[in-house]
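Here's the letter readout for the chains.
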Amino acid sequence: MARLYKFHGGLHLDGHKSESLGRDLRSASLPEQLILPLRQHIGEYNKPLVEVGNRVLKGDVIAANSSLICAAVHAPTSGTVSAIGNYPVAHPSGQRDSCIVIDVDGEDEAARADIVNPKELDSEALIQRICRAGIVGLGGAAFPTSPKLSRGKTHTVDTLIINGVECEPYITCDDILMRNYADEIIRGSAYLQQILSPQTTLIAIEDNKPEAIAAMQEALLLQPLANTEIIAIPTIYPSGGEKQLIQILTGKEVPHGQFAFDIGLLCQNVGTCVAITRALEQDQPLISRIVTCTGDNVSQPGNWEVRFGTPISHLIEQAGGYKNPDNAFLVMGGPMMGFALHSDRLPIVKASNCIMVMREQTIPHTPGYHDECIRCSKCTEVCPAQLLPQQLYWHARAQAWDRTLEFKLFDCIECGCCSAVCPSQIPLVQYYRAAKSEIRAAHKAQFKSDRARARFEFREKRLLLKKQADEERRRLKREALKQKQAKSGAAADGAPDPVQAALERVRERKKAIREETR
Amino acid sequence: MSSVIVSSPYVAPGNSLKRLMIQVIVALLPGTVAYVWFFGPGPIINIGLAIVFALAFEAAVLKLRAKPVMPHLTDFSAVVAAWLFALCLPMHAPWWLVALGIGFAMIAGKHLYGGLGFNPFNPAMVGYVALLISFPREMTTWYLPGVVSGETLSLAESIAYSFGSVDIGQWDALSSATPLDQVKTGVGQNIPIDEIRQTPLFGDYGGRGWEWIAFWWFVGGVYLLITKTIRWHIPLSLLAAVMSMALIFYLIEPAVYASPWFHLLSGAVVIGAFFIATDPVSAATTDLGRIYYGLMIGCLIYVIRVWGGYPDGIAFAVLLANMCVPLIDYYTQPRVYGEK
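Note that the protein sequences, when read in sequence, are chains Y and D. If you read the first sequence in the numbering used here, its first letter stands for residue 797, the second for the next number, and so on. If you read the second sequence in the numbering used here, its first letter stands for residue 6, the second for the next number, and so on.
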């Protein structure tokens, strides 16, 4: 790799990584109960495949869906399904969602694995196995992995990018993963190569993770991969964003309205690589992940391998508990793009890379008041999407939605850089999120009313056509009748009656015969 | 569990309006000191009066508008506006002139539009232009620098002047037209520039004293650039426009058109480029737009100085450019990521 490129803007942030890197990776103990949301990915809901009272084994599929963009949910351990219903889940809105509750029996008895040699499988079969394992992108977005890989069938993937950047402060789950499971990441990359046959594979890691880089280099040395390179990229937020990472590594921009695979690129997170390796080599579905539990309000920050469905409170207990539970402010994700949690009784899901346990005082907040925008354009300078955040804010505030679209609101990746540098401390991203959801709702309503109008108009038209057709039919009938009457009238007027004519002909013939016989 | 509701990002803000405004005030200090050095303590009284009245008017209007008073007063935006406004006035001015001007700036220029962030025009320039049109005599009574007249008004005299407690006729000998004014009148009477510049009013490049004040505004401007309080687009394009306009005409007819250095170092071009045109609220907000905005102001300054009715033209140039900002911003949107 000769050179790296830069993306527009970005921020140098305090890493706060060392807090959670002081301890080795540990496995979180099993809680008494696991709460598993039916949907832990971007896409369609799963349907429960178990009933209350069923005993499930570790690795059993408990919810799935035949839809293309879907990832099945598996039982993270053995136990009994005790309830299926709505429970609070980790979501910015604080809403409830349908979940399966498993009472853990502590046996951790695994379902029978069907182990085959993945090297002998074709890409179709490999994707099938990845799909069956319920794997989603573990970088945070939780997009199902198998449909993403299926793009390789229709698109040529020149470059496979393995994302070990982890640019958000506080989060260290990928760092600790690379230090501990570098060999599995490399093997996972090999399977991705087997599926996609790219020309080059780039493994990108931010240069603030020297131990991870060293571990990965060693692993690559032990099991060399064709045309694969580990690249240390400069530490600047948000270099781990897919579009930004592509820009850093290739200098290319994903064209507006298109996806990375449209320009021959495909990105996978390092955690996803490990999940793929385990799914293919051991037939192990995605039932756990590494979660960073950190912040200034937790006693022993660190990283844990956590089964999905584990309540956050259980994880925090593993980390020595709160320093002060009364002013605890919980965030799922990192400080830039994460969202606040209203409770710790929520389950860890596939997208949970980090739980920040903060003191309320550390969280900057001035409820209800911020200064006005002075158009200083600091936000423009840092925006990786090259937008004009100050103009977007102006129009979003005025609820001038079509104007926000003109200024490309939906190109905003919500990285939070603009909010972080704003001298007026305006929660800009919050304005954009609100504007986006307003516009989406308006579009939905518009779509519905358009459809209703189209249906109504179609019905009106159909009725009108039917009426016209009926009238036309009646008119034709009337006319035919009229013609007929006119015809019979004309016959009476002198034209020979066919019956009479026929009788005449018969009579003539008989007469002729009679004359002949005579 | 905390009951605070706040959305990401959760990082401590690295910047504040107050910090920006304080940086501007710091950057204004060297030029202000130079101004006082050459012209006596008059400007300090103007600045002090303007700040007091600005804060009073701002507080009153905020109260009327049922807005939080202290958070807005302590963002120091009114202090900066008052300071800049006071620097535009003649070095000695009656207190009511200062009060009227800054009152108009704060009420009509700022709050009638919705306060900080919503004003399409630079409030300091609004106040200045209102006075220039309404009180031409008071607004054009300038005084000589100490290096020319040998003396300037003392602090006590300046205070007495401001509060009208003395007959200001006694200082008539010290009053004078500004160098820009002198050039304009002289050229109008067909006197060659070289000859006009023989009077002691003129220094090596611009007006005596004025050229050094301009230098210190420049130093303050560089400080603003280094601290990233402002960006280079507006000052550079503005200065480039003034200099190139001046150079072109100077090369054509040096007897009628003053040199680029004279234009740069006389009047308010440097303070205008770094401190006035860079008011972010009323300026263009895109990079390219700021270049157009600076060029426009620079060209207008030259046009007003040379062919217009006023010796200097910063205020009118800035206000005219302010009007074009929405248009400029709309047509200079940067290319968004992923677009061709």
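Accuracy of the hints is not assured; some may be wrong.
[To be verified] Here are some chain D residues pointing at chain Y (derived, C-beta under 8 Å): (1) S7; (2) P14; (3) L121; (4) D177; (5) K189; (6) P285; (7) T290.
It should be emphasised that the hints constitute simulated quantities derived from the structure, not laboratory data. Even glycine gets a Cβ: it sits at the ideal position worked out from N, Cα and C.
Each hint, compared with the structure:
| no. | hint | result |
| --- | --- | --- |
| 1 | S7 | holds, 4 Å |
| 2 | P14 | holds, 4 Å |
| 3 | L121 | holds, 5 Å |
| 4 | D177 | violated, 43 Å |
| 5 | K189 | violated, 35 Å |
| 6 | P285 | holds, 4 Å |
| 7 | T290 | holds, 5 Å |
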